[in-house]
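Keeping their order, the protein sequence lines are chains E and B.
Quick note, my numbering runs 4 ahead of the 1-based positions in the first sequence.
Quick note, my numbering runs 995 ahead of the 1-based positions in the second sequence.
Hints in this document: simulated from the structure, not taken from any laboratory.
It cannot be assumed that every hint is accurate.
Said to hold, decoys possible - One-sided excerpt, in silico: chain E residues whose CB lies under 10 Å from chain B:
no. : residue
1   : 20
2   : 22
3   : 23
4   : 53
5   : 54
6   : 69
For every residue, glycine included, the Cβ atom is placed at its ideal position computed from N, Cα and C.
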Amino acid sequence: MQWLVLVIVVVMLTSAVAVLLLNDFLAALAALSVVSLGLSVLFVILRAPDVAMTEAAIGAGLSSLLFALALRRLGLWRRRGQ
Amino acid sequence: MQRLSSALFLLGLGLLIAAIFRGMEFGTAAPIVGQAINSAAAEQVGAANFVTAVVLGYRGFDTLLELTILFTAATAGGLVLGKRSPTAKRDPDAGFILQAGADLLFPLLVIVGLYIILHGHLTPGGGFQGGVILASAFFIPILARPGTRMSHAAVSTIEGLAGASFIFIGLLAMFGGEAFLTPLMDRGELGALLSAGSLPLLYLAVGLKVGSELAGLLTHLSESEAVD
Chain E
5 MQWLVLVIVV VMLTSAVAVL LLNDFLAALA ALSVVSLGLS VLFVILRAPD VAMTEAAIGA
65 GLSSLLFALA LRRLGLWRRR GQ
Chain B
996 MQRLSSALFL LGLGLLIAAI FRGMEFGTAA PIVGQAINSA AAEQVGAANF VTAVVLGYRG
1056 FDTLLELTIL FTAATAGGLV LGKRSPTAKR DPDAGFILQA GADLLFPLLV IVGLYIILHG
1116 HLTPGGGFQG GVILASAFFI PILARPGTRM SHAAVSTIEG LAGASFIFIG LLAMFGGEAF
1176 LTPLMDRGEL GALLSAGSLP LLYLAVGLKV GSELAGLLTH LSESEAVD
């Protein structure tokens, strides 16, 4: 169990740093939802399924959608090459 | 200079958090309140999911304020986004695969969302989680076909009725001489679908309110004019 937690934490930290370093907004958004997804798995391991569901639905799903729509409204919804 | 101060701040924050977590073992917590609720909730509230017993039974007023916060945030979002000019051009419809996928996902997500809301007092989940799933269920068809309009009047009506019924159920308890939002009706058998008194009704109201509010906010955001 401890190894699983360690892997999840490393993945979360890596993608959290990636959010800061990536120039592509869409890729940063994807990395941000990876952080939320890892956090929801951690909540399941900590036996808090209610919080895990909230984190998965709101953190990984809805807030990414909100960010994506905000990017579209601001005109940043494009890959770097375009 | 700014980077140095940011680094110092981060270092201090890290040390503070490390100092707090040094004495805590992973996965354990101070169990005083939890034990009291675990031993009393099944008898007092009758919900098999104790989290629901806390959210709606012991802390119903907090949930009402949480709904208020969500409502305020959604209203402020709508205000900032403003109205769409009638000449603004719309995004083209998505391709066949996304459209067929949206048609397939819509009924599935509605059923999952309603299931999570209606079983909120039995299994993990409840009005907030199920409401978010309902909102995304109603938003996915709009992602596939941006030309379709969602009736904002109907969404606001559902939202208002759901919020009003939450408060009304709370007031019914006051008419019976109890405190605001005291769980009403028969507690029933622990673990049955029709148990825990008025908690499933409250969670249904919460789910419909959260779902319609977020669906309205998402469609409002997607209908707003994009900058090219």
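Hints versus structure:
Among the interface hints, the one on residue 20 (chain E) is violated; its C-beta lies about 13 Å from the nearest C-beta in chain B, farther than the 10 Å criterion. With its C-beta approaching chain B no nearer than about 17 Å, residue 22 (chain E) sits outside the 10 Å limit, and its interface hint is violated. Interface hint status for residue 23 (chain E): violated, as the beta-carbon distance to the closest one in chain B is roughly 15 Å, over 10 Å. For residue 53 (chain E), the shortest C-beta to C-beta distance to chain B is roughly 4 Å, which falls under 10 Å, so the interface hint holds.
Satisfaction of the interface hint for residue 54 (chain E) is found here, the shortest Cβ-Cβ separation to chain B being roughly 4 Å, below the 10 Å cut-off. Checking residue 69 (chain E) against chain B: minimum C-beta separation of about 7 Å stays under 10 Å; hint holds.
The structure shown violates the earlier hints numbered 1, 2 and 3.
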